[in-house]
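Please take these sequences and the hints and turn them into a complete structure.
Numbering (my numbering), first residue to last: 967 to 1381.
Derived from the structure by calculation, the hints contain no laboratory data. Treat the hints with care, as some may be off.
Okay, derived cross-link-like pairs now, EDC-like style, lysine to aspartate or glutamate, Cα gap no bigger than 16 angstroms in a straight line [as the list claims (entries may be wrong)]:
id : residue 1 : residue 2
1  : 1189      : 1159
2  : 1298      : 1350
3  : 1374      : 1302
4  : 1049      : 1246
5  : 1368      : 1329
6  : 1115      : 1138
7  : 1368      : 1327
8  : 1049      : 1059
9  : 1375      : 1295
10 : 1368      : 1289
11 : 1049      : 1060
12 : 1115      : 1090
13 : 1378      : 1321
14 : 1298      : 1123
15 : 1214      : 1059
16 : 1375      : 1302
17 : 1378      : 1295
18 : 1189      : 1059
19 : 1374      : 1295
20 : 1243      : 1060
21 : 1243      : 1059
22 : 1368      : 1003
23 : 1214      : 1060
24 : 1374      : 1289
25 : 1115      : 1089
26 : 1168      : 1138
27 : 1375      : 1329
28 : 1168      : 1090
29 : 1243      : 1216
30 : 1243      : 1232
31 : 1053      : 1295
32 : 1049      : 1266
33 : 1115      : 1095
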Amino acid sequence: MILDKDSSTAAWDVAAVRAEFPILGELVNGQPLVYLDNAATSQKPLAVIERLDAYYRAGNANIHRGVHALSQEATGAYESARKSVAKFLGAPEERSCIFTRNATEAINLVAATWGRENIGAGDEILVSEMEHHANIVPWQLLAERAGAKVTVIPVTDRGELDLDAIPALLTDRVKLLALCHVSNSLGTINPVEQIIPLAKEKGITVLLDGAQSTAHFPVNVAKLGCDFFVFSGHKVCGPTGIGVLWGKPDLLNAMPPYQGGGDMIDRVSFAGTTFRKIPERFEAGTPHIAGAIGLGAAVEYLMARDQASLAAYEHELLAYATEQLQSIEGLKIYGEAARKVSVVSFIIAGIHPNDLGTMLDVDGIAIRTGHHCTMPLWARFGLEGSCRASFAFYNTMEEVDKLVASLKKAQKLLG
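Here it is as structure tokens:
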């Protein structure tokens, strides 16, 4: 992320960190892997891989239902992971952390439950022009059913929210503000610490999509003041298929169930059913037990790192990559926010992003090409999509050099 001037610049031992990620030593097309697609999914450290292996080798059992030793052990590991996630988010109460499949399901859960109860005809749901599709489409579906409307905060040419436009958009009709903490395409860190108080003054419920922020800097939901916060495990060095919805307990307990089934019930009879409180209320059936345990290991791994040094190192990567990429003739970067994480989206004039991505793959370099699930954002910039290089704390300056050299080679061949 872009740091304040007094942020730490302590040394970051990237070689030692890389040794903890086995996949970084692999070859792709005979070349050392240069993995620059971290905004799509992060790689996994040994701490996570070994924890998953240990669970399946020696601790596999269903949770919450068994009195036998394995079930008790698995239940303890699962609930311990919830405590770790609560600490990771700065959540005052661990039971307010609901395990979901990913951030997408967490948003859909809120739309289908809180939204069904609180959004009606004539209401508005406010999102931004830079949202991921996962924070647009569920609200569109809800609005269509309820007779509500989705309104949009515009984005400036620099890739920042138009803050001057926000006060006029926060009308009495707005019942929900759903906003990304960090843009997955632009890297922009939105000034939510300024925006959330404006929404709360109007009594507006706030959901933050933290799928991109949690990978780059610490989050504290209590300090942020939002009502809901979501993130995906696979973007924070955890397994795929696991995510988290955090919500204020009073809101969560007032929401109707999202799915019906085992473990979320209090009592069932053919005369009617009563439901448990959170978190079980929203975790019907056998959950992704291993995924939750792996996520617990992932967030513990991240929390054990020096966060100031991690952020400072990623800032150096971003600054160096931006400078080097700008040396390529015809390359244009989209997303020039004053505060951003280590994500660089760009195009090279006259060359399709997919062709560049294919050529880079020959050299073992993994980037993302396409619209990155932000079609409205790219339409605002007159684009169909872009190339995106997204850097993590285990990437190196040498990998940036390889990216730039490969792009220049591709440009000569394709231009």
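Hints that the structure is at odds with (numbers, increasing):
As far as the earlier hints go, 3, 16, 31 are violated by this structure, in ascending order.
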